[in-house]
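Quick mapping for you: the protein sequence lines, in order, are chains A and B. Position in the first sequence (from 1) plus 26 gives the number in the working numbering. Position in the second sequence (from 1) plus 8 gives the number in the working numbering.
Keep in mind that the hints were calculated from the coordinates and are not lab data. Among the hints, a few may not be true.
What the hints assert, rightly or not - Calculated lysine-lysine pairs in the DSS-like style (CA-CA distance at most 25 angstroms, straight line):
#  : chain 1 : residue 1 : chain 2 : residue 2
1  : B       : Lys86     : A       : Lys68
2  : B       : Lys76     : A       : Lys123
3  : A       : Lys93     : B       : Lys86
4  : B       : Lys32     : B       : Lys86
5  : A       : Lys93     : A       : Lys28
6  : A       : Lys28     : B       : Lys86
7  : A       : Lys68     : B       : Lys76
8  : A       : Lys123    : A       : Lys68
9  : A       : Lys135    : A       : Lys68
10 : B       : Lys32     : A       : Lys123
Stated by the list, open to error - Chain B is nowhere near these chain A residues, computed Cβ spacing over 12 angstroms in every case:
#  : residue
11 : Leu37
12 : Met74
13 : Asp109
14 : Thr112
15 : Ser124
What the hints assert, rightly or not - Okay, the calculated bits of chain A under chain B, using three or more residues with CB under 8 angstroms as the criterion:
#  : region
16 : 63-71
17 : 117-123
Quick caveat: nothing in here was measured; it's all calculated off a predicted structure. For every residue, glycine included, the Cβ atom is placed at its ideal position computed from N, Cα and C.
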Amino acid sequence: QKEVEQDPGPLSVPEGAIVSLNCTYSNSAFQYFMWYRQYSRKGPELLMYTYSSGNKEDGRFTAQVDKSSKYISLFIRDSQPSDSATYLCAMNVGAGKSTFGDGTTLTVKP
Amino acid sequence: DAGVIQSPRHEVTEMGQEVTLRCKPISGHDYLFWYRQTMMRGLELLIYFNNNVPIDDSGMPEDRFSAKMPNASFSTLKIQPSEPRDSAVYFCASSFGGGQPQHFGDGTRLSIL
Chain A
27 QKEVEQDPGP LSVPEGAIVS LNCTYSNSAF QYFMWYRQYS RKGPELLMYT
77 YSSGNKEDGR FTAQVDKSSK YISLFIRDSQ PSDSATYLCA MNVGAGKSTF
127 GDGTTLTVKP
Chain B
9 DAGVIQSPRH EVTEMGQEVT LRCKPISGHD YLFWYRQTMM RGLELLIYFN
59 NNVPIDDSGM PEDRFSAKMP NASFSTLKIQ PSEPRDSAVY FCASSFGGGQ
109 PQHFGDGTRL SIL
């Protein structure tokens, strides 16, 4: 079993929809949680970075961490066609390497 | 600020040839990571360095793969001899501190014929 499991998708939603992307993990030592966005033929770029349980908001994006359930989510409000990309969750223990999910591909249709 | 710079962006070569991928991390970053990404296996960590020293190379698939970091501003990933199953996108990433968010280059798209 993988340490990090990400909802596989793909997801296709109409413009303006609320999108929920989710990951679960098994390692209770994970302390730092990240979401990356990867456009086609580009490298992953950091979208959100959180430490504690709870919500962190940045514009249309909200990252949610529930350490008790070992579950993290990324919500996108008022989704736009420009949000069409692959989203990767990642997490680490606060040192060294991060463990990545396999990614969820999102398409937002105009 | 310049991000992580990888070269070449694309490489097409024949099986058996030596391939060298290059990476320049963000200035001041002390961690450097090499990844391989395929549709089947997703993003796989191959090796990472801290202060130019290899820390974990357990993801390197076999002895045909080697990586070096001769100084803080340059790293190479070498495949010799290359095989068609090595075809993938190879990413380099760097971070300031362990556990901190990584900044990725745009990758090298490698095709072995």
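Against the structure, the hints:
1. B:Lys86 with A:Lys68: Between Lys86 of chain B and Lys68 of chain A the Cα gap is close to 21 angstroms, so the pair holds against 25 angstroms.
2. B:Lys76 with A:Lys123: It holds: about 18 angstroms lies between the C-alpha atoms, which stays within 25 angstroms.
3. A:Lys93 with B:Lys86: Not OK: Lys93 of chain A and Lys86 of chain B at ~39 angstroms, beyond 25 angstroms, violated.
4. B:Lys32 with B:Lys86: Between Lys32 of chain B and Lys86 of chain B the Cα gap is close to 15 angstroms, so the pair holds against 25 angstroms.
5. A:Lys93 with A:Lys28: 17 angstroms, holds
6. A:Lys28 with B:Lys86: Roughly 28 angstroms separates the two Cα atoms, so the pair is violated.
7. A:Lys68 with B:Lys76: The hint holds at about 24 angstroms.
8. A:Lys123 with A:Lys68: 21 angstroms, holds
9. A:Lys135 with A:Lys68: 21 angstroms, holds
10. B:Lys32 with A:Lys123: 19 angstroms, holds
11. Leu37: 17 angstroms, holds
12. Met74: The claim is violated: Met74 of chain A sits with its nearest Cβ about 9 angstroms from chain B, within 12 angstroms.
13. Asp109: Nearest chain B Cβ is 19 angstroms from Asp109 of chain A, so the label holds.
14. Thr112: Answer for Thr112 of chain A: violated, closest chain B Cβ roughly 10 angstroms.
15. Ser124: The claim is violated: Ser124 of chain A sits with its nearest Cβ about 7 angstroms from chain B, within 12 angstroms.
16. 63-71: Coverage by chain B holds for the region 63-71 of chain A (5 residues, Cβ < 8 angstroms).
17. 117-123: Result for this restraint: holds, n = 6.
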